[in-house]
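Student: With the hints as a guide, dock the two chains, each given alone in a separate frame, to form the complex.
Going down the list, the protein sequences come from chains A and B. Mapping the first sequence onto our numbering, position 62 (from 1) lands on 62, and the numbers just tick up by one. Mapping the second sequence onto our numbering, position 331 (from 1) lands on 331, and the numbers just tick up by one.
Misleading hints may appear alongside valid ones.
Pulled from the structure, derived: some chain B residues nowhere near chain A, Cβ distances all over 12 Å [stated by the list, open to error]: (1) Asp52; (2) Ser58; (3) His84; (4) Pro87; (5) Asp160; (6) Asp178; (7) Lys192; (8) Asp227; (9) Leu347; (10) Ser351.
To spell it out: a stretch of chain A is covered by chain B in this simulated footprint if at least three of its residues, at any positions, have a beta carbon under 8 Å from a beta carbon of chain B; those stretches are [to be verified]: (11) 7-17; (12) 34-42; (13) 49-55.
By construction, these hints were calculated from the structure, which means they are not laboratory data. Predicted, not measured: the structure shown is a model, and the values here were computed from it. Cβ coordinates follow ideal geometry from the N, Cα and C atoms, glycine included.
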Amino acid sequence: MDSSSDPVTITPCPDGPLLVRGDFTVLTAPGREERATDRRVVALCRCGKTGIPPLCDGSHRAVGFRAPAPPPTAVPPPGNR
Amino acid sequence: MTQTGAIDELNSPVPLTAPERGLAPRSRGEVTSLLLSVLTSDGGEAAELLPDLDAAASSALVSSEDMFRDEDLQLALHLLYILHTGPADFVHGDWEWHPSLIGVRGKIEHRFETALRALAPLPDLIPRSGPELAETLFSMTSAVAQPELATWAARHASVDQLREFLIHKSIYTLREADPHSWAIPRLRGRAKAALVEIQADEYGGGRPDHIHAEIFAGTLRGFDLDDRPDHYLDEVPAITLASVNAMNLFGLNRRLRGAAIGHLAAFEMTSSIPNGLHSRAFSRNGFGREVTWYFDEHVEADAVHEQIAAHDLAGGAADDEPGLIPDIIFGAASCLRLDDISGSHMLESWSAGESSLRKTPKEAVCG
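For reference, chain B alone in the conformation it holds in the complex (with noise of 0.2 Å):
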């Protein structure tokens, strides 16, 4: 895609030429073609296709079969959620709060939220206390002692396999913890406070280059990837974008702390015992401590994150705020079953000795 000059000259303190800026993404389908026509168009132009983005994606809503794995509608939610964070070099001018787009992902997310509540649908009986929140949280993931695809990783994994499992960790990790801060402000005393506690450790503790998204830059360089935002958006699939929208989902929208709440906290109670498995992987397929540094640091790091999630976080919430113990189950079931479907998806591709990643990189589909 070209792009000329001087239209982000007014966001750029120095202008930047095309490919500086970065290219555009691949669109998947009609709702991502147009979404990126508008994204990477003047004002002008942009503004006659906004009503038929909105009917495109009202018919991908209609004929969309199986959310979790629609590249189309997963790819556009991932394009409208990175208007908040960027980097998104390629888009032209201020969309961010733009009301059609807003429209668009109103539209989405409500289909998306009604699917990820029937994957993940509440037990019969509901906690109603902070202890015993946080025990049910517990059982819950007591599956991470047997993590499948670490387990697996750690003793049979391939350097290729491993690749993939960076690429596709890449669109969540280079901004870790990013989508649960949005809760910050939403929470109060004990809540609060926990979690600026874990977040401030995500963050480095006031370290630049202990901050994990910067620990996992390093960990990509030393495999010789890019360490760039979104540089592998075109060849990670649906289901593992999905995972991350469904992060952004529950952190942008404050009717949805309890899951945002809720999904950090299953985040951080299945996290220990893989990362020492990946650490192994990567150790013994000759990485050293630039590679393994990230996973061995969220061994220690998330062992004491864990705690404080389950108590102090997701405890000290219901405490304040009984009505959220339903969505805080409901994003801890939809963290832990989106990373089932991402998690199958990679070791059966790679048992069928498939790759893991889209398979279509050279054809741009242009609506």
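Bound-form chain A, shown alone (with noise of 0.2 Å):
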């Protein structure tokens, strides 16, 4: 499976974390070359509370975190909201 040519795919999911799929690399911190996870799907926490940052390990589930996915019908806003 090579995916060095797939665009990248952020997914918001519904009271949960970011996934991201595609050709990307998630780095530990700003100047490090090390890679925190080299697995070819990722869940990026959107909770704040996971103790395995900045990967999601399902605490957003204990903490009852809230996000709902938009109307499937939205249109996106034409500024800030």
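Tutor: Rendered as structure tokens:
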């Protein structure tokens, strides 16, 4: 499986993490070379409570994090909302 | 059990001696006694036993009171399923698709499925779309935030109790992900891509040493336990086998593909937080990375898998084939209820100062 030409897709999961697929690298901190993970699909924490940042460890479920998906027909707002 | 040579040579590149071939598990009643005689003997002799086996299974199904705790029937089902997966080195000859054994399996499966449907009844409101189904699955698995067994283990489990936990877990986890892979050719589009995406990760993403079953084998070795599949079969009770049998029931029957999806979804959706706690239980008892890697890996991996499983696998299958929705919920509920029962079995045994494993490894029951 060669994903080197795959564009990156980021999917916000309702009440959960950001799923990232494609050709990407997650580093541990600015200016550092080491990778946070070499998994092909990663879940990035969105609730701030993870024990393994920047990755998700399921903690959003323990803290009741809410981030509903927008309605399917929603048009992106023209500016800031 | 002594076995005389030569018969396996057809199936093995190198002739195996009896100890290398592996001893057959012990029977737990009339059905498994006959079944093991069939599986470990030569063709002619075995054929005569098949009608008796069929009759024994029918009568055991009539008298069985609790399918989930029926040692004889759950072991029989497990033995019939491992004909499809192996290694089952004690088996002589090719029994995988023998019509008589498939017939016996079907009878036991019918009762098992009926019992599971009673254990895991459907909710009053059935979701009607993929997104609604994903929401239902998250709500069904919300108790994962307070996992009873894992929370207890993180604080209190002793080395002996953790050893028992690994022995129960070894029956499935040395074959981790395999039962759900049967569903891959039975799905299409988004659901199929999602299942493959999850399973590819379970199987190490191209790295043999990252196959989850292999990482778990390393945990067993780090604990001085045997890492061969089914090595501890004689020690695990029916309820442990019932959890694994449910996965194979769903995986090996196409009509139950919805239940296979739901089972996997619930399994993944109740994994990250408990695995983090189990990792802590092992660290607290002084075990290092070679033992905890499996659990740490699942914190990260299953946080990804639960999203894919709920939204793309279950949700995708529901949008593609809405008729699967009730069975997806049934499969998820079965996983959760069986997990509750086996978790309670361990906790209750340990709270009473007892072992959660079977107590009769010495006596061979020959029916």
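Student: Next step is simple, just say for each hint if it's right about the structure.
Tutor: Now the hints, each set against the structure:
For B/Asp52, the requirement that its beta carbon stay farther than 12 Å from each beta carbon of chain A is met, with the minimum near 50 Å. Distance check on B/Ser58: its Cβ is at least 45 Å (rounded) from any Cβ of chain A, clearing the 12 Å threshold; non-interface status holds. Remark: the non-interface label on B/His84 is consistent with the geometry, its nearest Cβ contact in chain A lying 27 Å away (cut-off 12 Å). For B/Pro87, the shortest C-beta to C-beta distance to chain A comes to about 28 Å, beyond the 12 Å cut-off, and the non-interface label holds.
With a least CB separation of 28 Å from chain A, B/Asp160 remains clear of the 12 Å interface cut-off, as annotated. Every CB of chain A lies more than 12 Å from the CB of B/Asp178, the least distance being 20 Å, so the non-interface label holds. Annotated as non-interface, B/Lys192 keeps its C-beta farther than 12 Å from every C-beta of chain A; the closest such distance is 15 Å. The Cβ of B/Asp227 sits about 25 Å from the closest Cβ of chain A, beyond the 12 Å cut-off, so the non-interface label holds.
At roughly 20 Å, the least C-beta separation between B/Leu347 and chain A is larger than 12 Å, which holds for a residue marked as non-interface. Listed as a non-interface residue, B/Ser351 keeps its Cβ farther than 12 Å from every Cβ of chain A; the least gap is roughly 25 Å. Counting residues of the stretch 7-17 of chain A whose beta-carbon sits less than 8 Å from any beta-carbon of chain B gives 5, enough to reach three: the coverage restraint holds. Coverage of a stretch by a chain is defined here by at least three residues with a beta carbon nearer than 8 Å to that chain's beta carbons; for the stretch 34-42 of chain A and chain B the count is 5, and the condition holds.
Proximity of the stretch 49-55 of chain A to chain B, defined as three or more residues with a beta carbon under 8 Å from a beta carbon of that chain, is established by the 3 residues found.
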